[in-house]
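Residue numbers (UniProt numbering), protein chains in the order written: chain D, 1 to 602; chain F, 1 to 97.
There's no promise every hint is true.
As the list claims (entries may be wrong) - Simulated DEER-style distance windows between Cβ atoms: (1) D:R459 with F:T81: 17 to 25 Å; (2) D:D415 with F:V18: 16 to 24 Å; (3) D:R225 with F:N39: 18 to 26 Å; (4) D:D503 with F:V18: 47 to 55 Å; (5) D:D462 with F:N23: 32 to 40 Å; (6) D:Y404 with F:F63: 27 to 35 Å; (7) F:V18 with D:S530: 53 to 61 Å; (8) D:E391 with F:P75: 19 to 27 Å; (9) F:Y53 with D:R281: 35 to 43 Å; (10) F:Y53 with D:L271: 38 to 46 Å; (11) F:T81 with D:E45: 52 to 60 Å.
Claimed, not checked - Each computed BS3-like pair below joins lysine-lysine, with the alpha-carbon atoms no more than 30 Å apart: (12) D:K512 with D:K588; (13) F:K90 with F:K15; (14) D:K425 with F:K15; (15) D:K401 with D:K367; (16) D:K425 with F:K96; (17) F:K41 with D:K251.
If you're looking for bench data, these hints aren't it; they were derived computationally from the structure.
Remember, it's a predicted structure, so these values are computed and weren't measured experimentally.
Beta carbons are placed, not taken as given, at the ideal position from N, Cα and C, and that holds for glycine.
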Amino acid sequence: CWNQETEAAVSPLQWPENGDQWSDTEEGGIDMEECGLAAMAEEDEEINIYNNETFGSVVENEGHPINSLPQLDEQPPEPPSSPSLPSLSPSSPSFSPRTKPQFQIQFPPGLRGRGRVPRGGQAMAQMFEDPAVVTTVEGRQSLQVSHYSCVLVVEIDSLFTQTRSFLSSSPRPCPSTPQPLTPKMMQLRFGANSPRPFPFYSPSSNPVLFHRFPGPVTQLHPQHRRLLSQRQPRSQRKPDWDPYCNIMSAKEKEWIIRLQMIQLQSENPNLDDYYYQEYYRRMEAKLAEEELGMRGKREPPKLTTPYVTKTESYTPVVHIEGSLGQVAVSTCFNPRRAIDAVTAHCPHEELKDLRQQRLDVLKKIEKLFMVLLDVEEGQRMKAHVLGEGEESRLMERTQRKVEYIFSQFQNPSGDEFLPCLLVSKGKRLMARLLPFLSRDAALKVLRVVTFHLPILMSRDTDESLPVLYPPLRTVIGAVTFSQLIGVLKDFTASSPDSSDGSDCLSLACQSKFGLSLLYALLSQGERLLSSDVPLEPSIGDFETWTDTVFLVASQLSQSALVEPLLLPSNLLTLFCRYLDKRTVHQLKSNIESATGHLAPPS
Amino acid sequence: LSYLFYSFFKSLVGKDVVVELKNDLSICGTLHSVDQYLNIKLTDISVTDPEKYPHMLSVKNCFIRGSVVRYVQLPADEVDTQLLQDAARKEALQQKQ
Numbered sequence: 001c002w003n004q005e006t007e008a009a010v011s012p013l014q015w016p017e018n019g020d021q022w023s024d025t026e027e028g029g030i031d032m033e034e035c036g037l038a039a040m041a042e043e044d045e046e047i048n049i050y051n052n053e054t055f056g057s058v059v060e061n062e063g064h065p066i067n068s069l070p071q072l073d074e075q076p077p078e079p080p081s082s083p084s085l086p087s088l089s090p091s092s093p094s095f096s097p098r099t100k101p102q103f104q105i106q107f108p109p110g111l112r113g114r115g116r117v118p119r120g121g122q123a124m125a126q127m128f129e130d131p132a133v134v135t136t137v138e139g140r141q142s143l144q145v146s147h148y149s150c151v152l153v154v155e156i157d158s159l160f161t162q163t164r165s166f167l168s169s170s171p172r173p174c175p176s177t178p179q180p181l182t183p184k185m186m187q188l189r190f191g192a193n194s195p196r197p198f199p200f201y202s203p204s205s206n207p208v209l210f211h212r213f214p215g216p217v218t219q220l221h222p223q224h225r226r227l228l229s230q231r232q233p234r235s236q237r238k239p240d241w242d243p244y245c246n247i248m249s250a251k252e253k254e255w256i257i258r259l260q261m262i263q264l265q266s267e268n269p270n271l272d273d274y275y276y277q278e279y280y281r282r283m284e285a286k287l288a289e290e291e292l293g294m295r296g297k298r299e300p301p302k303l304t305t306p307y308v309t310k311t312e313s314y315t316p317v318v319h320i321e322g323s324l325g326q327v328a329v330s331t332c333f334n335p336r337r338a339i340d341a342v343t344a345h346c347p348h349e350e351l352k353d354l355r356q357q358r359l360d361v362l363k364k365i366e367k368l369f370m371v372l373l374d375v376e377e378g379q380r381m382k383a384h385v386l387g388e389g390e391e392s393r394l395m396e397r398t399q400r401k402v403e404y405i406f407s408q409f410q411n412p413s414g415d416e417f418l419p420c421l422l423v424s425k426g427k428r429l430m431a432r433l434l435p436f437l438s439r440d441a442a443l444k445v446l447r448v449v450t451f452h453l454p455i456l457m458s459r460d461t462d463e464s465l466p467v468l469y470p471p472l473r474t475v476i477g478a479v480t481f482s483q484l485i486g487v488l489k490d491f492t493a494s495s496p497d498s499s500d501g502s503d504c505l506s507l508a509c510q511s512k513f514g515l516s517l518l519y520a521l522l523s524q525g526e527r528l529l530s531s532d533v534p535l536e537p538s539i540g541d542f543e544t545w546t547d548t549v550f551l552v553a554s555q556l557s558q559s560a561l562v563e564p565l566l567l568p569s570n571l572l573t574l575f576c577r578y579l580d581k582r583t584v585h586q587l588k589s590n591i592e593s594a595t596g597h598l599a600p601p602s
Numbered sequence: 001l002s003y004l005f006y007s008f009f010k011s012l013v014g015k016d017v018v019v020e021l022k023n024d025l026s027i028c029g030t031l032h033s034v035d036q037y038l039n040i041k042l043t044d045i046s047v048t049d050p051e052k053y054p055h056m057l058s059v060k061n062c063f064i065r066g067s068v069v070r071y072v073q074l075p076a077d078e079v080d081t082q083l084l085q086d087a088a089r090k091e092a093l094q095q096k097q
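Input sequences plus hints: build the corresponding full structure.
Written out as structure tokens, the structure reads:
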């Protein structure tokens, strides 16, 4: 909607010489009438509103539109790639209206509509604040307008055609709708030094940077890839026509993706990418075990994030070639303190409140976990081929760590397992530590657990006790007959921890863990008895054994039983050995009703 | 650079998640990709409350900037919390060094 009247008034537009009369507010300053722009002032408002909606408000100070005009003398700080030509800094706040600018603003007749026309104080200011503004500069040389988001190469004659085509090619109200852009328009929009459209940009201009990467795509663990391909049955979701398909060329896309991937280079993917690697390694091992009945021996080659030996040390500020500005490098050296885990040390143990004590225990367990991770890592290393001396040294170091954890677990006074065992994390720690302990140490743990079973069961609010079952079962499988009797004595004795005198046995019937432990112990006894291994019992062992069996049998037939974690197959065989058929039947049905599946026939 | 949660989310690529944004919008979809800033791309999305956000009805895939995410709801079976704890411990150890 070109207005003939305004056209005549606009061109040629002279830079106002009365700059000293300008004020920041709309009311003062230039008399609109004087410039003969009264009619256009109204349209100005409309344009301002439109601009604000499209590009966001550019007024930085409240009611003070910045009267910033470029200073030709000033070099902007670190322009991405500026030649030695004087640069224009439209957002420089240090403009003085009194400076006589060395250029003039001219607008061609054809330029109107959605463009920005400078008239009056506010409009003038707005022109320069708008990041997408098109400035025309008179003069023979080409200047580079350095701006945060846009680098313009401006040449007089071509500019007008450019701007005209830019503006006229936006039939829709919103210029941010992607349009097919000519290379020149690309330059205008995105700047001369960002990745240019196809004919201009070539990634091979940075040979060092890009030779390393075979492909920009993240490489998935083979197990992960298999899982994904199974999931999607090759969906045919290709659209007929993608309106956004040609905005970036393939090279540009690759460039961007590589930019990101560079930052993810890691010299130690096992550590940096620990969760992902370990998760799929375990999944793979588990599936292989299920399918073949044995662990997958061959480790398939797997790559995830690009693995590169870093030559340079860590730099907090990263500037990637060709990018604008700095890349954000985030670290977690100073996390917000979310938990009040750091405490002032209290000299007297008794004065510490319960909460403090709990925190201390948790802190201690965390420290022990760090050492345990080292121990487990050491064991994994064993699988790799090491030199003779190296391996023994590693084993020695590992063993020392194990002993350290074990001693620390028991508290400074030793033999006090309970504080750590009562906490879930402590149970988990012990469960993972047990496979590394010596026979004696492991047996000690077993005895502690059975001795304190009632309190452990009652305080097991989040049901983490079962985590101890598998390793303890292994320990039980290795005990001698005498040792077993000792453990069973703890089990059947009246509990030292309970106040009401209820014995361990009756409580165990109500606990998954307790019952499973009991079954495991009995099963071991039966195994030992029916095997050819000489038992070497101590005096009274056999009596204790038979007494225990009878006691347990009567308890089990009386109480309601929970489902155990595992029901040993030789349990009924054991009962048949000592008890009459009727009792055995009763036991069998009682046990079965809990487990939901049939116990093997006697 | 913190890899921990990047590594974690990578293992969930291909799984269905619900992302709740800070503007209270909740988007359900399949996790397509994640980057080191925890920006998320979801495919086959559906908004959990379509009546409130009808403008999302035609959207199939979306990119979500990591900084606007409030929660990500995950399938419990696909997460190994003990492994995550170990990974966090390892990272804490690394940071100290």
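*Sort out which numbered hints this structure fails and list those numbers smallest first.*
2, 6 and 8
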